[in-house]
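Whole structure, please, built from the sequences with the hints as guidance.
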Amino acid sequence: MAKPKVATTSLAGCFGCHMSVLDIDDRILKLIELVQFDKSPIDDIKKFTGRCAIGLIEGGCCNEENVRVLQDFRAHCDILISVGDCATMGGIPALRNMVPLQECYEEAYLKGPTVHNPARQIPNDPELPLLLDKVYPCDEVVKIDYHLPGCPPSADTIWEALVALLTDKPVQLPYELVKYD
Amino acid sequence: MSDNLAASVREICKANGGDRTRLMDIVRAVQAKFGCVSGPAMEMIAQELKVHRVEVHGMVSFYSFLSEQPKGKVTIRLCNDLVDQMAGAAEVGQAFEDELGIKVGQTTPDGKIALEYTACIGMCDQAPAALVNDVVVTELSTDSARRIVRELRKHMDPARLVTRLGDGNNAHELVHAMVLNNIRVKGSLIFTPTNRGEAIRKALGITPAEVIRAVKTSRLRGRGGAGFPTGLKWEFTRAAPGERRYILCNADEGEPGTFKDRVILTELPDRVFAGMTIAGYAVGAEEGIVYLRGEYAYLRKYLEHTLQERRKDNLLGRNILGKQGFNFDIRIQMGAGAYVCGEETALISSCEGLRGDPKTRPPFPAQKGYLGCPSVVNNVETFACVTKILEQGPATFCEIGSQGSPGTKLLSISGDCKSPGVFEVPFGIKLSEVLKLCGAEDAIAVQVGGASGQMVAREEFGRTICYDDLATGGALMVLGPERNVLEAAEKFMDFFVEESCGYCTPCRVGNVLLRNRLARILAGDGEPSDLDYLNDLGQTVKIMSRCGLGQTSANPILTTLKNFRPAYNALVKKRTDGLQPAFDLRTAVADAERVIGRKSEHAHA
Ligand SMILES: Cc1cc2nc3c(=O)[nH]c(=O)nc-3n(C[C@H](O)[C@H](O)[C@H](O)COP(=O)(O)O)c2cc1C
Ligand code: SF4
Ligand code: SF4
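For the record, the sequence lines run as chains A and E.
So the first sequence is numbered by my numbering: it starts at 1 and just counts up by one.
So the second sequence is numbered by my numbering: it starts at 1 and just counts up by one.
Hints in this document: simulated from the structure, not taken from any laboratory.
Just to be clear, a hint being listed does not mean it is correct.
As the list claims (entries may be wrong) - The calculated DSSO-like cross-link candidates involving lysine-lysine, where the alpha carbons are at most 30 Å apart (straight line), are:
| no. | chain 1 | residue 1 | chain 2 | residue 2 |
| --- | --- | --- | --- | --- |
| 1 | E | Lys574 | A | Lys169 |
| 2 | E | Lys202 | E | Lys154 |
| 3 | E | Lys202 | E | Lys312 |
| 4 | E | Lys562 | E | Lys599 |
| 5 | E | Lys73 | E | Lys103 |
| 6 | E | Lys202 | E | Lys216 |
| 7 | A | Lys143 | E | Lys573 |
| 8 | E | Lys599 | A | Lys111 |
| 9 | E | Lys491 | E | Lys436 |
| 10 | A | Lys143 | A | Lys47 |
| 11 | E | Lys73 | E | Lys33 |
| 12 | E | Lys599 | A | Lys47 |
| 13 | E | Lys491 | E | Lys430 |
| 14 | A | Lys143 | E | Lys599 |
| 15 | E | Lys418 | E | Lys436 |
| 16 | A | Lys3 | A | Lys111 |
| 17 | E | Lys33 | E | Lys50 |
| 18 | E | Lys71 | E | Lys112 |
| 19 | A | Lys169 | A | Lys143 |
| 20 | A | Lys143 | E | Lys50 |
| 21 | E | Lys14 | A | Lys143 |
| 22 | E | Lys562 | A | Lys143 |
| 23 | E | Lys574 | A | Lys143 |
| 24 | E | Lys73 | E | Lys112 |
| 25 | E | Lys14 | A | Lys47 |
| 26 | A | Lys46 | E | Lys599 |
| 27 | E | Lys542 | A | Lys179 |
| 28 | E | Lys562 | E | Lys418 |
| 29 | E | Lys154 | E | Lys312 |
Said to hold, decoys possible - Reference excerpt, derived from the structure (chain E facing chain A, CB under 7 Å, subset only):
| no. | residue |
| --- | --- |
| 30 | Leu579 |
| 31 | Gln580 |
| 32 | Phe583 |
| 33 | Leu585 |
| 34 | Ala588 |
| 35 | Val589 |
| 36 | Ala592 |
| 37 | Val595 |
| 38 | Ile596 |
| 39 | Arg598 |
| 40 | Ser600 |
Because the structure is a prediction, the values reported are computed rather than measured.
Here a beta-carbon is modelled for each residue, glycine too, at the ideal position from N, C-alpha and C.
Encoded structure:
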């Protein structure tokens, strides 16, 4: 039987959650035995090659590109997991939700203390995705099946969740793995 | 101006004995005089009372009748609860807006008139209604709204808006209100001729313990909603250690759809004060406080007058009716527009001059209540019942009603019925009979017990009004055939979102999430899984909240989920694309398209 596929992506995140995936250390060898990685920054596959069992999402949606990728993940993955607080609740990027978008653009490109922009132009390259009016947690854009809390969730948390799902067991994480105080 | 402010603040604080626990009266007085409690005013009050400024600020920001920014010399507060909405409050609001040239929430540029929405003001039987400062105007239409504005512009005197007087004591010169009592059915307990002084005379003829025994024998249970046995409450309070004890009468009547206490206070205040006095004798208290909701300020002068008359007749004061050593007096504490202050511990906070935050229980008020002293908190109607019980004996009281719920209950009925008003019915009466009495045979649903109660469907109209079945503080809101039950539930959720004190997360946040998800379903974007979400989250809010507000706020949703499932099922549909229908990329990128000046290819693909 072919190994189930796992895909991962980082949307409006800091890659800390991906680091935490790598933090499972030598268990990554076991993981490779269990699964095959599909679209993911880990193997640099850019496009889905087929249907995936699990998609791990880091970060919420701050721009149109994030939305496109997330919807693509929803279309290709049986199970989607929001990994970390950014994906689950918007996290640090969502702090801008209190500031009108125009001001965000101006602060970034015109008024910020370290900005050097003699042309006084907000960049308008089609390569640059348009920002959304605010940062959305993933489950406000698509259905999410599981949420792993933490910033980032620990490697053990991610590992336990993945193994449970891949071996068809209920995801019941011990309290220590999901408590943060 | 600022000298004037300083002098006035000093005077007001002095008039209240410089007493920190009277902060509510002090800020209310400043608000009344200056139209707001400004930053400098807070500073001065804090100095005078030797408290931190933040304590004054906390007070001012908590209550909806207090404000830091100047509003208008006159504030029009249009009631927008469910029943008023059903009666056309939105159109009336529009008329006010048009005539004033401002939107709800604004003040006219000349600073004269402000327009606001407010929660239930206890006039559902004559909706739509509004408060113009303290003056109640009822049965509003777009025409009368316009007329009110034109009148005010001429004389700026709300009292002159009262051109016709209501019935009974509403026409008393000290009340002078257009409010109607709308007493539709008089029972054999509350709405009976009074025999002033007799109940107290009888109580003073027996020992305090015997008074408590009489109340216990009557099996009287609290009329405010929770239904705790009154005699037991008094016994606990009497037994609790403490030098002083207090009797508090809960006249906050904030539960949307409830207005029967208003009618008792208008027509039978002597009964209520007698009940409090008897309670004082029974538990050993010398001081009583009536916590009167800000919305009923128009009754205050008349109630003060009634208290004064009772003092004259030695029904209050020292050595009452010649009973040596029994002293008791009552003061009125005004509220300032906060539903949660009807919750007994929040009410106590408010009386103590604090924000109306509920306190953690235990200790219960009977152990540590007002100022830390053992206190009885009872509803207006409960006290009125006590007086009757002492007057005619507990046995007669028990003859009426049902086994577990003796006596009568005042119902406040409003909404889609022919004769809205107050009905005194025996406990145990069937809901269907009540609906017949008020002319609402075609009702499709009745919200029993106010916003925090339950939405009862037609199939269950055979149920009975009593503590063991449909328990209620008395509010029945009738929904006729053309009403949308789930939209009604949404309105109630709006109310709780507004009124949560914010202390506990499940209540502060949970109610918002519940309301938003229900709104999503009503917008046609709901899925079957949303119903489980509502149910689970509703249970969480119920179980995890500290006070009765959060413990009941999910009821509109939980009870409609249970009793009106088909209405929900008809709205939700399962989706297979895994997308969230409420998310719309076009809306989400619209701002950026405007700022950057390019269309999103993805959104318009
Ligand atoms: C949010 C909330 C609001 C309440 N509002 C009122 C009220 O307006 N009037 C009232 O008598 N009881 C109200 N209650 C109930 C009181 O907490 C308390 O149970 C009651 O005053 C006790 O009096 P009783 O035993 O005579 O009914 C409210 C409770 C909650 C939780
Ligand atoms: S949750 Fe924390 S670690 Fe993960 S992407 Fe957000 S900020 Fe980075
Ligand atoms: S349940 Fe709501 S109203 Fe009651 S204390 Fe908590 S936050 Fe305040």
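For a quick check of understanding: which of the numbered hints are violated here, in increasing order? 2, 4, 16, 20, 21, 25, 29
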